[in-house]
Amino acid sequence: MQTHFDAVIIGSGAGGAPIAHTLAKAGKTVLVLEKGPLFLPQQHAPSGVSDYKRDELLATGAEKRITLAVANRGQSYYASHVEPDLNDEPHIYRETGKFNRRTPGDYATIEGYTAHVVGGGTQLYGAVSLRFSETDFQLHSYNEQRTDLKNDPNDDVRREARDWPLSYQDFLPWYEMTERLIGINGTSENQAKPFRADYYQTPLDPNPISGYIAKGMDALGMKRFRTPLAVITEDHEPSGRKVPRDPDTAKTGYVNRYGDPLGLKSNTWVSLLAPIKDLPNIELRANCTVTQLESDGYGNVNRVQYRDPSGTMRTVSGKVVIVACSAIESVRLLKVSALANHDFDRRIHQNDLLGKYFLTHCFGGARVRVPERFDKSLSLDSDWATEFCATDDYLKSHGLWAGAAIYNNTSDSALPISLARTLDAQDMDTIWKSFTERTELTGDQLLEWLKEDFGTTLSVAFMANQVPLYSNRIELHPTIRDKWGMPSAYIIKDWHSHDVALMDTIARECARILEKGCDLAEGSVQGGGVYLAENGLARIANHILGGARFGKDRRDSVLDVNCRAWDFDNLYVTDGSFMPTSGGANPTHTIEANAFRVAHHLLGRL
Amino acid sequence: MSILILEQAKKSDLIIERDNFDQYVLNHCAKYLARKEGEPRHNYNGELADSDPRAKIADQWRFPIIDSYGDGSGNPACYDYNLVTFVYAADDAETEHRISVVGTFANLYERLPLQQIRFAGEATRYYALSVKVPKGQVHTYKFCVDGEWQLDPINPQTAKLDNGVTWSRFFTQSCAVPLTFERWERVILERLTDHILPFHTEEGERFLKNYYYYLDRDSKEQNYTPVYRLDEQVGVVNYIDKVLAREERHHLIDYKICLAIIDQLLRQRRRGLEPDRQSREVYMDLYRQMACNDVVGWDYHQYGNPRYFLQLVRRHTITGAFSHPKYGGNISGAGWAFLGELFCDDKGKTLFDWRRSIEYPLGLNEEYNG
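These protein sequence lines map, in sequence, to chains S and W. Residue numbering for the first sequence follows my numbering, starting at 1 and increasing by one per position. Residue numbering for the second sequence follows my numbering, starting at 1 and increasing by one per position.
It is worth saying that the hints were derived from the structure and are not from the lab. It cannot be assumed that every hint is accurate.
What the hints assert, rightly or not - Simulated crosslink set (DSS-like; lysine-lysine; CA at most 25 Å straight-line):
(1) W/K132 / S/K451
(2) S/K319 / S/K150
(3) S/K451 / W/K349
As the list claims (entries may be wrong) - FRET-style restraints, in silico, Cβ to Cβ:
(4) S/H342 / W/K36: 36 to 42 Å
(5) S/G74 / W/M284: 30 to 36 Å
(6) S/T187 / W/D294: 21 to 27 Å
(7) S/D205 / W/A260: 18 to 24 Å
(8) S/E189 / W/L14: 42 to 48 Å
(9) S/D424 / W/A260: 31 to 37 Å
(10) S/T187 / W/E341: 34 to 40 Å
To be verified - Residues from chain W that keep clear of chain S, each with C-beta distances beyond 10 Å, as calculated:
(11) D52
(12) P53
(13) D67
(14) N107
(15) Y109
(16) W167
(17) D263
(18) L310
Just so we're clear, the structure is a prediction, and the values are computed from it rather than from any experiment. Glycine is no exception: its CB is placed at the ideal position from the N, C-alpha and C atoms.
Just chain S, same shape as in the assembly (with noise of 0.2 Å):
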């Protein structure tokens, strides 16, 4: 078994594909370890069945309970087949209450994974592929001056706020380049960003039911754009894809959450690592868990530690390492990393930023019932996307720091055990338990019920900046532990009150919009932001970043420019932790652009 290659990369979703994309294909050795399975889609299988379904049970499985020393403990769960069991892989995070009813304490929490499988969260995204604004790289320059925020009494915006160390013309390029290899279908016209070049492949017909949207988008005179989507629509020359005769076969209500069987939606295991695996320079070990880095004392990790798939502890090195296993476990990889090692401790910990201003996103939206039934199980994740709530003009006119990508969502609820187990709450961590305790709900109220809301519900969401805090944070749990015996992630966050501001402002503007849309009266539309969920504290939307911002200053980072930890020579962190702010859409496109800048730096250097 090979152990010495040029890049040992941990994690193969999108901070470490695109890296062993570019590395494997300039002739570099390489090796990908990732935690979890390698699930592959039909073309690939040697049954020709895939390891993903079209089918409900698959993207949120059976009960299971909570058995660790927590608060919730007792709770019911239900995980997706690619998703950690929370008693083996649990993430804590503390409750205070603040927001809502919960009782303070430790929670343990499905929110904040991505997916443990080859391609990491891409499998099992939404796919909204949207570059972040020009804004979204300089909110600090774009705020300094600025005396009218909302909610901000302490000045913590213009504090707290941070240029990226590069700014949106610096990013261009690698944007482009991830369009093209990744296969993304959408417009540009009509997006606020300047665009050099269209990579976008055409999108399909949007499903009838986002007319609505487009009415009252226009209505309000918010310019639309098709919403950049990872889903190919056309052969692919660089991944090889062929798209079946009938293109619209990629359209289902199996979407997000779900794998595609069919590999249309692009992963990167599809788009960056299948095009590579038959090289010889590159090696892919599935169900392999990485345990701690070692480093060699003169500012080199020199071993990697992990654990095979039948357990037994290995080691492999590599003139660069690269961590990108999704921002909580890789800050959490580190921390372990340096508890056993004195000169790792040192150099991770040269200021004591890891783990610090952990981010998600402001996100919410609100939801309708439209006039009339559509065939939802027939879509995508969304159609149309508006950048109204991201230009100066808004923001300066509202008193808001940084802007919000909006965008309806086609899919949800579309099918009916999704619709039942969704009902009254959208995220993981509550499901079920509304439509169980509702038990009015039977025979005639029960078709009542579906007869209202099948086929004929109405979503728009938006994706928005969270004020980065030094007292958001990952830390080690003091007393839980996963099932290899390390500590576990331990999330420490809150909304700040300009945060909270900001989804009540634009949470109102997606209101309006299906107000338009729909012919309602101005005001009839409630929206809401996610701070007001049951768990409005723990939730994440899967978007995690931050925790180990880059920068030009090694006093007010944890990575230089290229995403190197400052104190060593070979060690990089590449999933979305090296964010200093969370960008106003979805984060994975920026993450793989920066992943491909990140490989070039290394190409350079091997």
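Chain S is fixed; fit chain W onto it per the hints.
Same frame as chain S, now just chain W:
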């Protein structure tokens, strides 16, 4: 030793050998089985003894692995089979073991050897074998480990044979053989799930009449042969029977206790009348009382929270009615078809075209193989 060689030479055509078999097995077992010896994290409801090593294994019910079967050619005949993969996990990779499986899915007493799974060219502690088994079947099996017979140490499903001997058990998809409930238990559960589902509404009755009862004989035989109770509501009770045998074994105890309490109290309420002959109103009353957690005649010492049980039944009922038919409910997509016929546009075109997404022959999608 000579016996072993003989066995290995006798390759049965039910054994499926594939490229990347090792990778397939590791993909489906490492997450659940690989761990440092530790606490019993996976015993939810006292369904396992704390000393049972299974309590240290996540999702024990996933073993043996029951998967779709395909031969790579897209041959539709494959749809009638499952790929069943037995996995045995030894303590370590170093000592080599001789593992075989004997079961009712193969020739009687034919020992089929499990092969040691390799990872990156080296031995692992896992041994596995894949076989092709028709859907809808129940089988018993045992492992032979270095000459010693034993039950599957991972799979908690067992069956006691007529001679009193216990074997390990598995069942394939779309299975309609009762595994969990006695007839009297099924009867009560059918009445309860009846009350929850919308099939006794006007629209529901019409659908059942048109779609379900009056199918021509051929398609009835083709589509519904495996169903043990055709008139049962789209197979929900069969789904519950199966989910309690496998994925949610920890809830078996809730059902066993509560159905017995209900049986008793119904007999008390209508003296002498069998629960299955009691009126719809009786079950409606019972449902309402359970929803309020205030049931006349309920034995609260035995089971303190009838409302909790009702909530469990609600979740299982809706899941059984609308999950993929391979789980035992929603027979031939009847639950989906109900929605598909209920919801049409003014030209009669369905607004839930489930067949478009679902694999042929259950649905109409010929790209997706299921």
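Results for each hint:
no.	hint	in the structure
1	W/K132 / S/K451	violated, 42 Å
2	S/K319 / S/K150	violated, 48 Å
3	S/K451 / W/K349	holds, 16 Å
4	S/H342 / W/K36: 36 to 42 Å	violated, 24 Å
5	S/G74 / W/M284: 30 to 36 Å	holds, 31 Å
6	S/T187 / W/D294: 21 to 27 Å	violated, 59 Å
7	S/D205 / W/A260: 18 to 24 Å	violated, 56 Å
8	S/E189 / W/L14: 42 to 48 Å	violated, 58 Å
9	S/D424 / W/A260: 31 to 37 Å	holds, 33 Å
10	S/T187 / W/E341: 34 to 40 Å	holds, 37 Å
11	D52	holds, 14 Å
12	P53	holds, 14 Å
13	D67	violated, 7 Å
14	N107	holds, 24 Å
15	Y109	holds, 29 Å
16	W167	holds, 24 Å
17	D263	holds, 21 Å
18	L310	violated, 6 Å
Comparing the model with each earlier hint shows violations of hints 1, 2, 4, 6, 7, 8, 13 and 18; every other hint is respected.
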